[in-house]
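Visitor: Okay, here's what each chain looks like letter by letter:
Number of protein chains: 4
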Amino acid sequence: MPVFDESAKGVYLITVTPFSDNGALDLDSTDRMVDFCLESGVDGLTILGIMGEATKLTAEESRIFARRVLDRVRGRVPVIVGASAPGFAPMGELAKSVMDMGAAGVMVAPASTLRTDDQIIAYFDMVTETLGDKVPWVLQDHPVSTGVQMATPVVLRIMKNAPSCVMLKHEDSPGLAKLSAIRAASDRGEVRRLSILAGNGGGLFLPEELSRGADGAMTGFAYLEMMVEVCRAHAAGNVEQAHDIFDAYLPLARYEQQTGVGLAVRKYILAQRGVIASSAVRKPGPKLSAQDIADIELLTRRQEKRLREIQ
Amino acid sequence: MPVFDESAKGVYLITVTPFSDNGALDLDSTDRMVDFCLESGVDGLTILGIMGEATKLTAEESRIFARRVLDRVRGRVPVIVGASAPGFAPMGELAKSVMDMGAAGVMVAPASTLRTDDQIIAYFDMVTETLGDKVPWVLQDHPVSTGVQMATPVVLRIMKNAPSCVMLKHEDSPGLAKLSAIRAASDRGEVRRLSILAGNGGGLFLPEELSRGADGAMTGFAYLEMMVEVCRAHAAGNVEQAHDIFDAYLPLARYEQQTGVGLAVRKYILAQRGVIASSAVRKPGPKLSAQDIADIELLTRRQEKRLREIQ
Amino acid sequence: MPVFDESAKGVYLITVTPFSDNGALDLDSTDRMVDFCLESGVDGLTILGIMGEATKLTAEESRIFARRVLDRVRGRVPVIVGASAPGFAPMGELAKSVMDMGAAGVMVAPASTLRTDDQIIAYFDMVTETLGDKVPWVLQDHPVSTGVQMATPVVLRIMKNAPSCVMLKHEDSPGLAKLSAIRAASDRGEVRRLSILAGNGGGLFLPEELSRGADGAMTGFAYLEMMVEVCRAHAAGNVEQAHDIFDAYLPLARYEQQTGVGLAVRKYILAQRGVIASSAVRKPGPKLSAQDIADIELLTRRQEKRLREIQ
Amino acid sequence: MPVFDESAKGVYLITVTPFSDNGALDLDSTDRMVDFCLESGVDGLTILGIMGEATKLTAEESRIFARRVLDRVRGRVPVIVGASAPGFAPMGELAKSVMDMGAAGVMVAPASTLRTDDQIIAYFDMVTETLGDKVPWVLQDHPVSTGVQMATPVVLRIMKNAPSCVMLKHEDSPGLAKLSAIRAASDRGEVRRLSILAGNGGGLFLPEELSRGADGAMTGFAYLEMMVEVCRAHAAGNVEQAHDIFDAYLPLARYEQQTGVGLAVRKYILAQRGVIASSAVRKPGPKLSAQDIADIELLTRRQEKRLREIQ
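Protein chains in written order, with our numbering: chain D, 1 to 311; chain Y, 1 to 311; chain F, 1 to 311; chain X, 1 to 311.
I should point out that these hints are in silico values taken from the structure, not numbers from a laboratory. The model shown is predicted, which means the values in this text are computed figures rather than measured ones. A few of these clues could be false.
[Stated by the list, open to error] Facing chain F, according to a computed beta carbon distance under 10 Å, are these residues of chain D, among others: (1) ASP118; (2) PRO143; (3) SER145; (4) VAL148.
Even for Gly, the Cβ is constructed at its ideal location relative to N, Cα and C.
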C-alpha cells in the first residue's frame, strides 16, 4: 500500500457513485470507473464525498461501494473516504469500518453549526479524539457547503493539535490568500508542512493554486486527465503549458462546476465517455434538458478542437 | 395497538436519549423514562428527534434504543420515530426498520436546502414515494432548526398530496397565525382536518395554541405533567385553569427552552427527579455551570411554591 | 447632561417610533412616549434600533425623530442612537449628526457578513477609527438579528482595543454563560469593567442576568415599569421580589417577544395605554388579528390580577 | 433620452465607484470612466450596485456620484440606479431623487429576510406601490447576495403584477434552466416578453445565456469590450465567434469574479488601463497582494496573446 501522509501530491480524484437507470448501485460501472481513473494517472481516489452522493446512500450501500472500490484498487493508490457526520459516534463507526477495509484515510469537514474560532478548534479536538492517532485524515475547508469559515490561524491550530491531520483539501473561495498564508507559516517553521490539494471553485483556480504551493488537486471533473496533465506540467516547471492545458478545458470545466446541476453534467459526460453505464443521479437531484445537452456538446466539440491546436 | 391517525390528541412527549456518565446508551434509564412518561399520562412518545440527540447515535444504537422503547411501551401508546435524513435511501431504510419493530409512524422535517414553495412540495412528494402509503407520518414544521419556511398554502398542498400525512408538529415561530389559517382551511372543508400538536417555542405558547385549535402538544419538558394537565384543563373547557398551571411552570420552562444549553437543563432535572441515572449529553454538547444549577434550583423551588398556591 | 460611561446602570428603554395611521411620523406621540418613559423611571433611552423601525425611515425622518426625542428629553437621561450601517461612511455621518444634536452615544452591531474572530475584531477597529475617541458607544451582541457570533475572547479584545466602548448590550442567546465569563474577566482585572445591560430573549432572562452581574436592562416592553421595578428590587437585594414581579409580567412579555409580530403587539398595547396615538407599523410589517387581540386582552387581564396578588 | 423599456438590449455595465487613494469620491475618474464605457460601446450603465460599493457611500455622496454620471452621460444611454433598501421610505426617497436627476430607471433586489413565494410576491407589490407606475424598474435576481430564491412562477407573477418592471437582471446560479423557462412562458404568450440581461456568475455564462434568449448582459468586467463584442457577435448569428471571444477572456474573467477580492482586481485593472486614477476600495474591503498582481499580469499577458491569435 502506498503511504498516505504529509508528502501526498498529485491528483486525488473525487469520484462519483455510479447508479443504474433505476437508481441501484452499479458495481460494474464502479469497477470501470476505478480502472479509468488509474489509467488516467490519478494518484489517489476520494470516495463518498458530496459529489459522490454520500448522504443519499444507506449505511449498507456505503459499505458495499467502499469495499468494491478498495477491492478494485488493490492498494495501488490511497483511497480516502468522506467521514463527515453530524455526530461523533457515527463518524467513528464509519471511519473504523472503512479503515478496516483498507482505506488510507478519511476526510472530515466542520459541522455546519460551528461559528467562532474556539468552537471550530474544539470540534476538531473531538474529531481527533474520535479517530484516534492511527487514522490519517484530510481537513476539508469548503465554506460554500458547510457555511463554516476557518481563518488561517484556526487551520494552523488544528494542524498543531492533530498530528494525524496530514492534508488540507483547500476549497475556500476566494482562497488564494489563505493558501499562501498557510504555506508561509510552514516555510517559517511555525507548523508542519502538510499536503495541500486544491479544489477552489471545483478546480477552477488550479494553475494559480499550484503556483501558491498546492501539491496537487482533489476535486472532480469528467475530463480528469486535465488535472493530471496540468499538475505534471506545473511540477515539471512548465507553467505556461499548464495554463495552456487548463485554458483549453476551462469553458467546459466552468459549465460542469455549476452548483447542483453540475453533478448531472459530470455523470452525463462520464456516461458519454463510456466510463459509467448510466448518468442517473439519485433524488433529490437535477436532470439535464435538451438545451443543457446541446451546451455540453458544443463545449466538448470546441474543447477537442482547442486541444488539437495546443499540441 | 392504539390507532395513530388524524384523530390523535393530547401529549406526545419528545423524549431524551439517556446515556450513562461515560456516554454509553443507558437502557435501564430508558425503561424508567418510558414508565415515568406513561404514568404521567402522555398519549404518545416521539423518539430520536433533535432533543433525542439522534444524529449522535450510530445506526446500530438507534435501532437498539428504538427497540427498547417499543418493547417497554408494549403498544400502550403510539411511538413516533424521527426519520428526517439527508437522502431518501437512508430515510426509507430507517422508516422500514422502525415500523417493522412496531412504531406507529415516523416524523419528517424538510431538508435544509429547500427554499421555494415548489421545491418543498416536490420534496414531500418524494417523501411519500419513499415511505409508501402504509406509514402514517408527521410533518415537522420547525424553521429554527431547518431554515425552511413553509407557507400555509404549502402545508395545505403537502396534506392534499400525502394522505398518509396525519399530523403537523407545529413549531413555526411566530406561528399562531399559521395555526389559525390551517384550521380555517379544514373548517371551510378545503382540506382534511389533520391532527396538530403544538411545539411553538418548545411549548411556550401552549395555551394560545390550544385556543387556536391545536389538539395537544408534541415537545419536551422535564415537568411533562405540565403539558398533560394544561391539555386536560383546556379540553375540559377550563381555560383559566390551563393558564394558571402553565404560568406556574413558565419561568422554568422558559429557562429549559434555551437553545443548546436547554437539553442539559432538561437532563439535569430528569436526573434530579430520578427518571434517568445521568444527566450526560453526548459531545458536542453543553455542560451546566454551578450558576446554571443555582438558577435551576431557585426556579424549581419557586415553581413548587407557586403550584401549591394555585391548588 | 448625565454622564454616559462604564458606570451606566438601570433601564435603557429601546423605544418604538410612533407613526400615525397613515404611516407618517407622529411627533406628538413621540413627545408623549418620552414623557411616559421618564415618568416610569427609565435611566436612558435607545432610539432608532431594530424595534424602532430604523431601516424604514428616510435619513431625513431619522434626523427629525432623533431631534424631537432629544429636545423632549432635555438632557435628563442619556439618549443612545442606533448607528449600525452597512458602510463606515454612512455610520460616521449618522453618528456625527446625532452627537451634534446631543445624543450621549451610539450603538453598533457587527455587519452580518462577518464570521471569523479576526474579521470581527478588525471590523470594530474600523468602527473605532470611524467614530473617533470622543463618541461613547455600545457594542450590540445580538446574533439572532446579525448572524454573527462573538466569542467571549472576541468581546474582550474589542473592549481592550476600543476605550470608548463603554457598554455591552447583551443579547446573545443562550447568553448567561457568556455574561458570567465577561464579568469574571473584569473581576480578575484582565479588562475594564464595562456596563452590561441585559436583553437576552428581549428581557426574558432579566432576573438571571442581573444575578450574573448585568447592570440593568436595555430592551423594549410595553410595560416598561416591569423592568424598572425588577432592576430596583434586585439592586436593593430583594431577589425573590424581583422574580415575583418578573413572573407576573412573564406571560405577556413572552407573547410580546415573538419575532416579527411582537412589535405590533407592543405598539397595540402602548396605544391601548394611551402612550402613542396609533399602533401602526410601517410596511413590511405584521398586523394583529382578532385572535391576537383576544390573546393580549386575556393576558393583560390575568397580569393585572396577578400584580394585585403580589402586592 | 433613449427609451428604457422591455425592448432594452446589449450591455448595461455595472460600474465601479472611483475613489482617490485617500478614499474620497474621485469625480474626474468618474467622468473618464463614463467616457470609456460609452466609447467601448455599452448600451447602458448601472450605478450604485453592490460592485459600486453603494452601501459604503453616504446619502450625499450617492447623490453627487449619480448626478456626475448623469451629467456626463447627457442622455446618450439609459442609466439605471440601484435602489434596493431595507425599507420602502428610503427606497422611495432614493428613487424619486435619481429619477428627478434623469435616471432611466432603478434596480431592486428582494429583501434578504424573504423566504416563501407569497412573501416575495407581496414584497414586490409594495415595491410597485412605492415606486408608482412611472418608474421603469429592473428586478435583480441574485440569490448569492440576497439569500432569496425566486422560483420561475414567482418571477412570472411579479412581472404580471408590476407592468413597470421592464427588465430582469438574471443572476441566479445555476440559472440557465430558469432563463429558458421564463422565455418559454413569454413565447407561449402567458406573460409579456421583458428584457433579460445576463449576469449569472458575473457573466461567466454569457454565451449560454444569449443562446437561451438573454438580450444582453448586465454585469461588470474590467475588459468590458468582451461583453460588447460577444453580444454583437451573437446578435449577428456568429455563435462560434462569440465563444472564441468569450473563451479568450475567460481565464481573467474567472479570476476577476472571485467573491470579495474580485472588486479589487477589477479596480486594479481599470487603474492599469488608465480608466480610473486609483484602485482604492473603501473599507471594509480587500487588498491585493504581490502574488495576486503577479497572477493578474500573467493572465493579462496570456489574454493579449490569445486575442491576437483569434483575430
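Visitor: Can we keep the VAL148(D) interface hint, with Cβ of chain F closer than 10 Å?
Guide: VAL148(D) check passes; min Cβ-Cβ to chain F is 8 Å, inside 10 Å.
Visitor: Holds or violated: ASP118(D) as interface residue toward chain F, Cβ cutoff 10 Å?
Guide: 5 Å, holds
Visitor: Hint check: is the beta carbon of PRO143(D) less than 10 Å from a beta carbon of chain F?
Guide: Since the shortest Cβ distance to chain F is 8 Å, the answer is holds.
Visitor: Hint SER145(D) vs chain F: min CB-CB distance below 10 Å?
Guide: 15 Å, violated
Hint compliance for this structure: hint 3 is the single one not met.
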